[in-house]
Amino acid sequence: AQKVTQTQTSISVVEKTTVTMDCVYETRDSSYFLFWYKQTASGEIVFLIRQDSYKKENATVGHYSLNFQKPKSSIGLIITATQIEDSAVYFCAMREGDSNNRIFFGDGTQLVVKP
Amino acid sequence: GPKVLQIPSHQIIDMGQMVTLNCDPVSNHLYFYWYKQILGQQMEFLVNFYNGKVMEKSKLFKDQFSVERPDGSYFTLKIQPTALEDSAVYFCASSLAGGGNQAPLFGEGTRLSVL
Chain H
1 AQKVTQTQTS
11 ISVVEKTTVT
21 MDCVYETRDS
31 SYFLFWYKQT
41 ASGEIVFLIR
51 QDSYKKENAT
61 VGHYSLNFQK
71 PKSSIGLIIT
81 ATQIEDSAVY
91 FCAMREGDSN
101 NRIFFGDGTQ
111 LVVKP
Chain Y
1 GPKVLQIPSH
11 QIIDMGQMVT
21 LNCDPVSNHL
31 YFYWYKQILG
41 QQMEFLVNFY
51 NGKVMEKSKL
61 FKDQFSVERP
71 DGSYFTLKIQ
81 PTALEDSAVY
91 FCASSLAGGG
101 NQAPLFGEGT
111 RLSVL
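Going line by line, the protein sequences match chains H and Y.
Each residue of the first sequence is one higher than the one before, counting from 1 in the numbering used here.
Each residue of the second sequence is one higher than the one before, counting from 1 in the numbering used here.
Simulated from the structure, these hints should not be mistaken for laboratory data.
Watch out, some of these pointers could steer you wrong.
Cross-link-like lysine-lysine pairs, in silico, DSBU-like; alpha carbons within 35 Å at most [as the list claims (entries may be wrong)]:
| no. | chain 1 | residue 1 | chain 2 | residue 2 |
| --- | --- | --- | --- | --- |
| 1 | Y | Lys-78 | H | Lys-56 |
| 2 | H | Lys-114 | H | Lys-56 |
| 3 | H | Lys-56 | H | Lys-72 |
| 4 | Y | Lys-57 | H | Lys-55 |
| 5 | H | Lys-16 | Y | Lys-59 |
| 6 | H | Lys-16 | H | Lys-3 |
| 7 | Y | Lys-53 | H | Lys-114 |
| 8 | Y | Lys-53 | Y | Lys-3 |
| 9 | Y | Lys-62 | H | Lys-3 |
| 10 | H | Lys-72 | Y | Lys-57 |
| 11 | H | Lys-56 | Y | Lys-62 |
| 12 | H | Lys-114 | Y | Lys-59 |
| 13 | H | Lys-70 | Y | Lys-78 |
| 14 | H | Lys-3 | H | Lys-55 |
| 15 | H | Lys-70 | H | Lys-114 |
| 16 | H | Lys-70 | H | Lys-55 |
| 17 | H | Lys-114 | H | Lys-72 |
| 18 | Y | Lys-78 | H | Lys-114 |
| 19 | H | Lys-3 | Y | Lys-53 |
| 20 | Y | Lys-78 | H | Lys-72 |
| 21 | Y | Lys-53 | Y | Lys-78 |
| 22 | H | Lys-16 | Y | Lys-3 |
| 23 | H | Lys-114 | Y | Lys-57 |
| 24 | Y | Lys-53 | H | Lys-55 |
| 25 | H | Lys-72 | Y | Lys-59 |
| 26 | H | Lys-55 | Y | Lys-59 |
| 27 | Y | Lys-3 | Y | Lys-78 |
| 28 | H | Lys-3 | Y | Lys-59 |
| 29 | H | Lys-70 | H | Lys-3 |
| 30 | H | Lys-72 | H | Lys-3 |
| 31 | Y | Lys-78 | H | Lys-55 |
Pair ranges (Cβ atoms, derived) [as the list claims (entries may be wrong)]:
| no. | chain 1 | residue 1 | chain 2 | residue 2 | range |
| --- | --- | --- | --- | --- | --- |
| 32 | H | Glu-85 | Y | Ile-7 | 21 to 29 Å |
| 33 | Y | Glu-68 | H | Thr-5 | 29 to 37 Å |
| 34 | H | Gly-43 | Y | Gly-16 | 41 to 49 Å |
| 35 | Y | Glu-68 | H | Asn-58 | 23 to 31 Å |
| 36 | H | Glu-26 | Y | Gly-98 | 24 to 32 Å |
| 37 | H | Lys-16 | Y | Pro-81 | 47 to 55 Å |
| 38 | Y | Ile-7 | H | Ile-11 | 45 to 53 Å |
| 39 | Y | Asp-63 | H | Pro-115 | 46 to 54 Å |
| 40 | Y | Asp-24 | H | Lys-16 | 35 to 43 Å |
Remember, predicted model here, so these are calculated numbers, not experimental data.
C-beta: ideal position from N, C-alpha, C; glycine also.
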């Protein structure tokens with residue numbers, strides 16, 4: 001079974017609006033870490049933001065924030081005031097346990113920001 | 001910011017030949033990873049490496065694959081012999097030691113085309 005699921009294949013928004021991308025995960029570990037990355041048109045993969053499973057507060061970095069709903073195993077990415085250059089594929093990822101082991105990626109959500 | 005460098009950006013080889021993909025991790029990072037991505041799809045974990053040893057590997061990490069990092073040198077992924085299904089973009093990543101909250105930073109990938 002896939003450990004990280006992103007059900008939205010593609011989302012299109014108008015710039016300066018807010019967008020939310022969904023992600024659900026599956027794990028039996030009590031300690032885990034959730035990451036969001038984006039992949040630009042050039043193929044570059046950029047780390048955006050992280051949520052630690054033991055933290056109740058939603059992480060925020062710049063115009064990225066997370067909606068962490070632990071009982072639902074859900075970690076949504078919220079981008080406020082979207083810009084054209086936010087157009088990319090966004091990957092949700094999870095690491096189980098508290099060591100530098102592998103991270104599992106979802107299938108990605110394509111975000112298109114239009115003028 | 002710190003960057004992971006991958007050399008070359010594109011490699012074309014004939015099926016059955018050997019290929020070595022090179023990765024120059026961030027200088028103070030101690031954990032290294034290889035991921036495989038086909039046609040912009042899901043990022044699939046291959047292997048991670050620490051202190052001269054393979055820590056984890058997936059089913060995709062076939063017997064024809066090997067990794068090493070001689071002291072002060074590149075972290076390499078060698079495929080010998082190559083097969084048509086090895087055509088993909090291979091991403092190297094590295095992270096600091098210190099636990100699961102260390103997000104791997106990715107290079108820009110090497111596109112491998114096996115003919």
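Status of each hint after checking the structure:
1. Y:Lys-78 x H:Lys-56: violated (43 Å)
2. H:Lys-114 x H:Lys-56: holds (34 Å)
3. H:Lys-56 x H:Lys-72: Given pair Lys-56 (chain H), Lys-72 (chain H) holds - Cα atoms ~14 Å apart, limit 35 Å.
4. Y:Lys-57 x H:Lys-55: holds (29 Å)
5. H:Lys-16 x Y:Lys-59: With Cα atoms ~43 Å apart, Lys-16 (chain H) and Lys-59 (chain Y) exceed 35 Å; violated.
6. H:Lys-16 x H:Lys-3: At roughly 32 Å apart (the allowed maximum being 35 Å), Lys-3 (chain H) and Lys-16 (chain H) satisfy the hint.
7. Y:Lys-53 x H:Lys-114: violated (47 Å)
8. Y:Lys-53 x Y:Lys-3: At roughly 23 Å apart (the allowed maximum being 35 Å), Lys-3 (chain Y) and Lys-53 (chain Y) satisfy the hint.
9. Y:Lys-62 x H:Lys-3: Roughly 22 Å separates the two Cα atoms, so the pair holds.
10. H:Lys-72 x Y:Lys-57: holds (29 Å)
11. H:Lys-56 x Y:Lys-62: violated (40 Å)
12. H:Lys-114 x Y:Lys-59: Not OK: Lys-114 (chain H) and Lys-59 (chain Y) at ~40 Å, beyond 35 Å, violated.
13. H:Lys-70 x Y:Lys-78: violated (40 Å)
14. H:Lys-3 x H:Lys-55: holds (21 Å)
15. H:Lys-70 x H:Lys-114: holds (32 Å)
16. H:Lys-70 x H:Lys-55: Between Lys-70 (chain H) and Lys-55 (chain H) the Cα gap is close to 10 Å, so the pair holds against 35 Å.
17. H:Lys-114 x H:Lys-72: holds (31 Å)
18. Y:Lys-78 x H:Lys-114: Given that 35 Å is the threshold and the Cα spacing comes to 42 Å, the pair is violated.
19. H:Lys-3 x Y:Lys-53: Between Lys-3 (chain H) and Lys-53 (chain Y) the Cα gap is close to 26 Å, so the pair holds against 35 Å.
20. Y:Lys-78 x H:Lys-72: violated (41 Å)
21. Y:Lys-53 x Y:Lys-78: holds (15 Å)
22. H:Lys-16 x Y:Lys-3: holds (30 Å)
23. H:Lys-114 x Y:Lys-57: violated (40 Å)
24. Y:Lys-53 x H:Lys-55: holds (32 Å)
25. H:Lys-72 x Y:Lys-59: Within the cut-off at roughly 30 Å; holds.
26. H:Lys-55 x Y:Lys-59: holds (33 Å)
27. Y:Lys-3 x Y:Lys-78: Since the Cα atoms of Lys-3 (chain Y) and Lys-78 (chain Y) sit roughly 22 Å apart, the hinted pair holds (cutoff 35 Å).
28. H:Lys-3 x Y:Lys-59: holds (16 Å)
29. H:Lys-70 x H:Lys-3: holds (15 Å)
30. H:Lys-72 x H:Lys-3: holds (14 Å)
31. Y:Lys-78 x H:Lys-55: Measuring from Cα to Cα gives roughly 40 Å; hence the hint is violated.
32. H:Glu-85 x Y:Ile-7: 21 to 29 Å: holds (27 Å)
33. Y:Glu-68 x H:Thr-5: 29 to 37 Å: The hint (29 to 37 Å, Cβ to Cβ) holds, given that Glu-68 (chain Y) and Thr-5 (chain H) are roughly 34 Å apart.
34. H:Gly-43 x Y:Gly-16: 41 to 49 Å: Because 27 Å falls outside the window, the suggested range is violated.
35. Y:Glu-68 x H:Asn-58: 23 to 31 Å: violated (41 Å)
36. H:Glu-26 x Y:Gly-98: 24 to 32 Å: holds (26 Å)
37. H:Lys-16 x Y:Pro-81: 47 to 55 Å: holds (52 Å)
38. Y:Ile-7 x H:Ile-11: 45 to 53 Å: violated (35 Å)
39. Y:Asp-63 x H:Pro-115: 46 to 54 Å: holds (51 Å)
40. Y:Asp-24 x H:Lys-16: 35 to 43 Å: holds (39 Å)
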